[in-house]
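What follows is each chain in one-letter form.
Number of protein chains: 2
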Amino acid sequence: MTDLTAALAEVDRCFPDSLARVTELLRFPSIGTDPAHHGDCRKAALWLAGSLSQMGLKAGLRETSGQPLVVGRYRPPGRTRCPHVLFYGHYDVQPADPLDLWTSAPFAPQIRKGKSGRQSIFARGASDDKGQLMTFLEASRCWLKLHGSLPFQLTVMIEGDEEGDATHLDRFLKRHAREFAADVAFICDTGMWNRTTPAINTRLRGCIGEEVTVRGPRIDLHSGYFGGPAQNPIKVLSRILAAIHDGRGRITIPGFYEGVRPIPPAVRRAWRGLAFPEKAFLAEVGLSVPAGEKGYSVLEQIWARPTAEVNGIFGGYRGPGSKTVLPSEATAKLTFRLVEGQDPKKIRRAFRNFVRARLPVDCTARFTDAGGDSAGFVVAEDTPWVRAASRALEDEFGRAPVLAGAGYSIPVVESFKTHLGIDSLLVGFAQPDDAEHSPNEKYDLESLRRGTRAWTRIIAELS
Amino acid sequence: MTDLTAALAEVDRCFPDSLARVTELLRFPSIGTDPAHHGDCRKAALWLAGSLSQMGLKAGLRETSGQPLVVGRYRPPGRTRCPHVLFYGHYDVQPADPLDLWTSAPFAPQIRKGKSGRQSIFARGASDDKGQLMTFLEASRCWLKLHGSLPFQLTVMIEGDEEGDATHLDRFLKRHAREFAADVAFICDTGMWNRTTPAINTRLRGCIGEEVTVRGPRIDLHSGYFGGPAQNPIKVLSRILAAIHDGRGRITIPGFYEGVRPIPPAVRRAWRGLAFPEKAFLAEVGLSVPAGEKGYSVLEQIWARPTAEVNGIFGGYRGPGSKTVLPSEATAKLTFRLVEGQDPKKIRRAFRNFVRARLPVDCTARFTDAGGDSAGFVVAEDTPWVRAASRALEDEFGRAPVLAGAGYSIPVVESFKTHLGIDSLLVGFAQPDDAEHSPNEKYDLESLRRGTRAWTRIIAELS
Chain C
36 MTDLTAALAE
46 VDRCFPDSLA
56 RVTELLRFPS
66 IGTDPAHHGD
76 CRKAALWLAG
86 SLSQMGLKAG
96 LRETSGQPLV
106 VGRYRPPGRT
116 RCPHVLFYGH
126 YDVQPADPLD
136 LWTSAPFAPQ
146 IRKGKSGRQS
156 IFARGASDDK
166 GQLMTFLEAS
176 RCWLKLHGSL
186 PFQLTVMIEG
196 DEEGDATHLD
206 RFLKRHAREF
216 AADVAFICDT
226 GMWNRTTPAI
236 NTRLRGCIGE
246 EVTVRGPRID
256 LHSGYFGGPA
266 QNPIKVLSRI
276 LAAIHDGRGR
286 ITIPGFYEGV
296 RPIPPAVRRA
306 WRGLAFPEKA
316 FLAEVGLSVP
326 AGEKGYSVLE
336 QIWARPTAEV
346 NGIFGGYRGP
356 GSKTVLPSEA
366 TAKLTFRLVE
376 GQDPKKIRRA
386 FRNFVRARLP
396 VDCTARFTDA
406 GGDSAGFVVA
416 EDTPWVRAAS
426 RALEDEFGRA
436 PVLAGAGYSI
446 PVVESFKTHL
456 GIDSLLVGFA
466 QPDDAEHSPN
476 EKYDLESLRR
486 GTRAWTRIIA
496 ELS
Chain S
36 MTDLTAALAE
46 VDRCFPDSLA
56 RVTELLRFPS
66 IGTDPAHHGD
76 CRKAALWLAG
86 SLSQMGLKAG
96 LRETSGQPLV
106 VGRYRPPGRT
116 RCPHVLFYGH
126 YDVQPADPLD
136 LWTSAPFAPQ
146 IRKGKSGRQS
156 IFARGASDDK
166 GQLMTFLEAS
176 RCWLKLHGSL
186 PFQLTVMIEG
196 DEEGDATHLD
206 RFLKRHAREF
216 AADVAFICDT
226 GMWNRTTPAI
236 NTRLRGCIGE
246 EVTVRGPRID
256 LHSGYFGGPA
266 QNPIKVLSRI
276 LAAIHDGRGR
286 ITIPGFYEGV
296 RPIPPAVRRA
306 WRGLAFPEKA
316 FLAEVGLSVP
326 AGEKGYSVLE
336 QIWARPTAEV
346 NGIFGGYRGP
356 GSKTVLPSEA
366 TAKLTFRLVE
376 GQDPKKIRRA
386 FRNFVRARLP
396 VDCTARFTDA
406 GGDSAGFVVA
416 EDTPWVRAAS
426 RALEDEFGRA
436 PVLAGAGYSI
446 PVVESFKTHL
456 GIDSLLVGFA
466 QPDDAEHSPN
476 EKYDLESLRR
486 GTRAWTRIIA
496 ELS
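Top line first, the protein sequences correspond to chains C and S. Here our numbering = 1-based position in the first sequence + 35. Here our numbering = 1-based position in the second sequence + 35.
Everything labelled a hint here was simulated from the structure, so no lab data went into it. Ideal Cβ placement from N, Cα and C applies to all residues, glycine included. It is possible that part of the hints are untrue.
Some but not every residue of chain S turned toward chain C, in silico, with C-beta under 10 Å [as the list claims (entries may be wrong)]:
{"hint": "1", "residue": "ILE269"}
{"hint": "2", "residue": "ILE275"}
{"hint": "3", "residue": "ALA310"}
{"hint": "4", "residue": "PRO312"}
{"hint": "5", "residue": "GLU313"}
{"hint": "6", "residue": "GLU335"}
{"hint": "7", "residue": "ILE348"}
{"hint": "8", "residue": "GLY442"}
Some residues of chain C that are not near chain S, with every Cβ distance over 12 Å (derived) [unchecked claim]:
{"hint": "9", "residue": "GLY67"}
{"hint": "10", "residue": "ASP218"}
{"hint": "11", "residue": "PRO297"}
{"hint": "12", "residue": "THR370"}
Residues from chain S that keep clear of chain C, each with C-beta distances beyond 10 Å, as calculated [as the list claims (entries may be wrong)]:
{"hint": "13", "residue": "LEU43"}
{"hint": "14", "residue": "LEU81"}
{"hint": "15", "residue": "GLY85"}
{"hint": "16", "residue": "GLY91"}
{"hint": "17", "residue": "GLY95"}
{"hint": "18", "residue": "THR138"}
{"hint": "19", "residue": "ALA140"}
{"hint": "20", "residue": "LEU179"}
{"hint": "21", "residue": "LYS209"}
{"hint": "22", "residue": "PHE215"}
{"hint": "23", "residue": "VAL320"}
{"hint": "24", "residue": "PRO379"}
{"hint": "25", "residue": "ASN388"}
{"hint": "26", "residue": "PHE402"}
{"hint": "27", "residue": "ARG422"}
So that you can see chain C by itself, here it is in the shape it has in the complex (with noise of 0.2 Å):
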């Protein structure tokens, strides 16, 4: 028996103290984003260094300006030369709301078969990210169980801010660049290309979050005195919002898409070989028709057009009943996501720009910086890591990984890359209807057994 076929054998002995290890992972809310949850965050990462210490790493927690690090080490005994690794996950999980939505709730975990007839275990967080975090995490104890060393030094390193403020870690790893030296970062935060197919992600997005807020009236006034020559907020901001995409998808705002590439014909063409079913991917969501800009596939809109989003809005009167009021302010939430060649800084002083062009007397606009600020990236494909990924993810699957692209971000890619100066290999088994941000959030099992064995592959290659 070769040391994979062992490992392998292991991992599959090992799965059901592995889906536990997962579910108690999955009862903390670490919402970072929220303030009522930070002590949740702390004890989760308080597990996971225990749980990364038993599995032989020296670890512990490291402060940030947000939530705490969690950090272990690792090196094999004995070796003076061998590859660093650096394996990044995180732990906070995005806010659970509309909870009435919810199946079970989302931080009692339940195991139990999806819409898709697929055993699958449903909590907020079971993909992103601490169902995929773990498939590495599994391995690697695996691994170390069995061969009682790793072919690599290996940093892990967990944040509680991905799903916030990217701009904690990204701080942490510029004052820390040098103790954080490796050769390359592994993430696990990315999707299989389908049920069957594995694929590398080569392409992400990046993503500013702003928040503005207008202000018109000094107070809410009654709409039967003042309804006629009062400024409404609302009606400004409503507006300034449908101003930000033109009729065909465009966004209209000055310099938007300063330093964006056409995608490469051959790019193109190798998309369009994926026969991507559109038509499946919205229907799934209760949509038909891509609403993007046009003259773009839905792939080409996602990995390789910016956005403006408008995630949330409030103002005025949103209890029950009527309430004849024009409020003193609106506010709406955006999100902008971002391709390779935009400047997120220019981006946000543009948009600001672009909602003070359009305020009418007696209205101002307050903006907050809610977050951000990560460029969309390309990462280089032909490096040894991606080959060896790849050679691995093809002995699992049956199947060569698609090198695809994502539309979200992880801004930590561009992090590892400017204070560190390395590449980032994403390989990740999210499903596409895993919902991550939406209610009933699940992961496969077979999520995590395929990519618990397929880094164990991965772990062998690099052997």
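The hints should help you fit chain S onto chain C, whose structure is shown.
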């Protein structure tokens, strides 16, 4: 000493008791649109019925499809033919939010000097309508106490759904029209022209309330996975709201202005003669320029032009921090202020069609009738009631009352006309800075005292 002189002296003498009774009434948090406060509405109604009994009326509660109606009856002993006056007020009040902007708690009435330097009583409902309705009741109480009888038959009717759904009282009046036959309705729910000049209101705008929820995706989505191709209901709703007005502030809903007559040149001239202090009116609430329909003065916009206002909006993430979610729905609450000639039912239909015509594929809209359906109204000016009130107000204030319009709605005026066939006499003593529907609502002690004296003079005029 004439009956009047004696009565005015008695009003002044009893003022501390009157104020104490107003304070008691203001302690009830009788928010009619909030089911959590329906018990408080009934308590306020019972308190009023008790107060009317104490005055010498035969009083009790009548059930409606909404909040209970307070009814008090008085018939002058020995008189066979005398006019029958129906006095109307409302004990329900607007919701008190945002609570943090109140200087003293909204239902713990506090007497203090306001910014104007006048002594006022601060509480939700102080002006709208508890303080106001008490001016008539206190005048009647004093007259009855002093002279033993009123010079008219009196029915007092105080409802609890004025700020909510006017159809409750409308239905009740329709069913019991014969029982509530009267010659005229007196209503005290309007304001003075300014601090020194009284007013009789002869024009009211109507009002309809609508709530619209735009739905897109079946579930909330991650903006990283779906940002671009997924419909965003906040964007769709913003575009619809932004399209309601054109660049000149005119409402673009087809058929909206059907039946609206131009303001007669003589009326425009009379209103211009009032020299309404537009700048000061707007400056009071932090504004400087009228934001409404171009080509109309502030007074014309409020008294004679219809509006479409957004009173509240909500959708997506509204908690602390940010959440990169594409929400599945977004909701707006709107009210339309209507003028004479507009059919409320047609306007509601026209708005719904306007929204539906703007829904992109994959989006639906759900509409909720949020109350109203009251038409705009012009009351006859050449009646014995208006003449009697004009004389009385001129005697009290030393200035002839302005025959004014009002931008708000008193739907009961329409119900009285339709079901009882009677006109309404609208006399009130609210001041422009009373902050009805806003935090720190107040009623000036001077409004309470002079209002009670003015009604006393009107009673004398009818002797």
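Hints, one by one, checked against the model:
Residue-level restraint check for ILE269(S) holds (minimum Cβ-Cβ distance to chain C is 4 Å; threshold 10 Å). With 10 Å as the threshold, the beta carbon of ILE275(S) comes within range of chain C, its nearest partner Cβ sitting at about 8 Å, so the hint holds. With a cut of 10 Å, the hint placing ALA310(S) at the interface with chain C is violated, because the nearest CB-to-CB distance is about 16 Å. Evaluation of the PRO312(S) hint against chain C yields a violated restraint, the C-beta minimum of about 13 Å exceeding 10 Å.
Interface hint status for GLU313(S): upheld, as the beta-carbon distance to the closest one in chain C is roughly 8 Å, under 10 Å. The beta carbon of GLU335(S) comes within 9 Å of a beta carbon in chain C, closer than 10 Å, and the hint placing it at the interface holds. The beta carbon of ILE348(S) comes within 5 Å of a beta carbon in chain C, closer than 10 Å, and the hint placing it at the interface holds. The interface hint given for GLY442(S) is met, as the beta carbon of that residue sits about 5 Å from the closest beta carbon of chain C, less than 10 Å.
Taking the minimum C-beta to C-beta distance to chain S, about 8 Å, the non-interface status of GLY67(C) is violated against the 12 Å cut. Consistency note on ASP218(C): stated as away from chain S, and its beta-carbon is indeed over 12 Å from all of that chain's, at 28 Å minimum. Non-interface status of PRO297(C) relative to chain S is upheld: no Cβ of that chain comes within 12 Å, the nearest being about 16 Å off. Remark: the non-interface label on THR370(C) conflicts with the geometry, its nearest Cβ contact in chain S lying 5 Å away (cut-off 12 Å).
The Cβ of LEU43(S) sits about 31 Å from the closest Cβ of chain C, beyond the 10 Å cut-off, so the non-interface label holds. Listed as outside the interface, LEU81(S) is consistent with that label: its C-beta sits roughly 23 Å from the nearest C-beta of chain C, beyond the 10 Å cut-off. Listed as a non-interface residue, GLY85(S) keeps its Cβ farther than 10 Å from every Cβ of chain C; the least gap is roughly 28 Å. The non-interface label for GLY91(S) is consistent with chain C: the shortest C-beta to C-beta separation is roughly 35 Å, beyond 10 Å.
At roughly 27 Å from the closest C-beta of chain C, the C-beta of GLY95(S) stays outside 10 Å, upholding its exclusion from the interface. Every CB of chain C lies more than 10 Å from the CB of THR138(S), the least distance being 12 Å, so the non-interface label holds. Against chain C, the non-interface label of ALA140(S) holds: every CB pair exceeds 10 Å, the least being about 17 Å. No beta-carbon of chain C comes within 10 Å of the beta-carbon of LEU179(S); the shortest separation is about 33 Å.
Taking the minimum C-beta to C-beta distance to chain C, about 22 Å, the non-interface status of LYS209(S) holds against the 10 Å cut. With a closest Cβ-Cβ approach of about 26 Å to chain C, PHE215(S) is found to remain outside the 10 Å limit, as its non-interface label requires. Listed as outside the interface, VAL320(S) is inconsistent with that label: its C-beta sits roughly 5 Å from the nearest C-beta of chain C, within the 10 Å cut-off. Interface exclusion of PRO379(S) from chain C stands, the closest Cβ pair being 14 Å apart, more than 10 Å.
Remark: the non-interface label on ASN388(S) is consistent with the geometry, its nearest Cβ contact in chain C lying 19 Å away (cut-off 10 Å). The non-interface label for PHE402(S) is consistent with chain C: the shortest C-beta to C-beta separation is roughly 13 Å, beyond 10 Å. With a least beta-carbon separation of about 27 Å from chain C, ARG422(S) lies farther than 10 Å from that chain, consistent with its non-interface assignment.
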